[in-house]
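Peer 1: Listed below, chain by chain, are the residues.
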Amino acid sequence: QIQLVQSGPELKKPGESVKISCKASGYTFTDYAMHWVKQAPGKGLKWMGWINTYTGKPTYADDFKGRFVFSLEASASTANLQISNLKNEDTATYFCASGEGFAYWGQGTLVTVSS
Amino acid sequence: DIVMTQGALPNPVPSGESASITCRSSKSLVYKDGKTYLNWFLQRPGQSPQLLTYWTSTRASGVSERFSGSGSGTYFTLKISRVRAEDAGVYYCQQVREYPFTFGSGTKLEIK
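Chain order of the listed sequences is V and F.
At position 44 of the first sequence the residue is numbered 44 (this note's numbering), and the sequence of numbers has no breaks.
At position 110 of the second sequence the residue is numbered 110 (this note's numbering), and the sequence of numbers has no breaks.
Simulated from the structure, these hints should not be mistaken for lab results.
Among the hints, a few may not be true.
Claimed, not checked - Covered, in the sense of this in silico footprint (three residues per stretch, anywhere, with C-beta under 8 Å from a C-beta of chain V), are these stretches of chain F:
no., segment
1, 37-50
2, 93-106
Unchecked claim - Label-pair distances were calculated between CB atoms; the ranges are:
no., chain 1, residue 1, chain 2, residue 2, range
3, F, Pro10, V, Lys87, 34 to 42 Å
4, F, Tyr75, V, Gly8, 36 to 44 Å
5, V, Glu100, F, Tyr75, 22 to 30 Å
6, V, Gln82, F, Lys112, 39 to 47 Å
7, V, Gln107, F, Ala85, 31 to 39 Å
8, V, Leu11, F, Ser28, 37 to 45 Å
9, V, Gln82, F, Arg84, 34 to 42 Å
10, F, Asp33, V, Asp63, 38 to 46 Å
11, F, Ala85, V, Lys87, 33 to 41 Å
12, V, Gln107, F, Tyr99, 24 to 32 Å
All C-beta atoms in this analysis are idealised placements derived from N, C-alpha and C, irrespective of residue type, glycine included.
Can you make the complete structure from the sequences, with help from the hints?
Peer 2: Below you can see the structure in the form of structure tokens.
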């Protein structure tokens, strides 16, 4: 069946970087875009942007331009999210999502930024 | 950016009753292809969001017929018939009409 499996939780210090992976299985990876969604503790969902899984072209929402990078390892059906120069406000669960209408979601990766 | 505004529910909702959640967008979600790009999700505590309906009213695979989406233009409703304990959680509407895609702030459903 279709699955998106994300990498495990991360504990980082301010200023460090983190890379989250999202491995897709059960469908042709390039059939759907991969989206990234942020959920701060106790808060709602915020769309970060998406990456075209066929061309590799990323598109970022305004709040996620600069320190955030979407990338692919297409041969491994994997999408990655890298966040550099981490700040306390980056503490959140990050989800990857794909499929028609965001039908498929990863389990989420909790990133905690704390000194 | 398109702003999505969700209504509240009169919690808790008795099991077996119906519940309707409203969602209003600041701009029409009708695209030039004629489709209306509005999704509904349920996020149960500690879980990932689950797609319920897309294109306003098309139920996602495996979703109970008790969930029905309706609406047009800028006003949308998700109706949950005969609510059950498993329906508890936070419901989000999302527009995918134009970038940036935006979510409503969420509507919590508690079951009595």
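Peer 1: Next step is simple, just say for each hint if it's right about the structure.
Peer 2: Going through the hints against the structure:
1. 37-50: holds (count 6)
2. 93-106: That given contact holds, which follows from 10 residues of the segment 93-106 of chain F lying within Cβ reach (below 8 Å) of chain V.
3. F:Pro10 to V:Lys87: 34 to 42 Å: Between F:Pro10 and V:Lys87, where Cβ atoms are some 39 Å apart, the hint holds.
4. F:Tyr75 to V:Gly8: 36 to 44 Å: With a Cβ separation near 41 Å, F:Tyr75 and V:Gly8 satisfy 36 to 44 Å, so the hint holds.
5. V:Glu100 to F:Tyr75: 22 to 30 Å: Roughly 23 Å apart at Cβ, these two residues keep to the hinted range, so it holds.
6. V:Gln82 to F:Lys112: 39 to 47 Å: holds, 45 Å
7. V:Gln107 to F:Ala85: 31 to 39 Å: violated, 23 Å
8. V:Leu11 to F:Ser28: 37 to 45 Å: Given a distance of about 44 Å, which is inside 37 to 45 Å, the answer is holds.
9. V:Gln82 to F:Arg84: 34 to 42 Å: holds, 41 Å
10. F:Asp33 to V:Asp63: 38 to 46 Å: At 28 Å between Cβs, range violated.
11. F:Ala85 to V:Lys87: 33 to 41 Å: holds, 39 Å
12. V:Gln107 to F:Tyr99: 24 to 32 Å: Holds, since V:Gln107 and F:Tyr99 (Cβ atoms, about 26 Å apart) stay within the stated range.
Hints 7, 10 from the list above are not met by this structure, while the remaining hints are.
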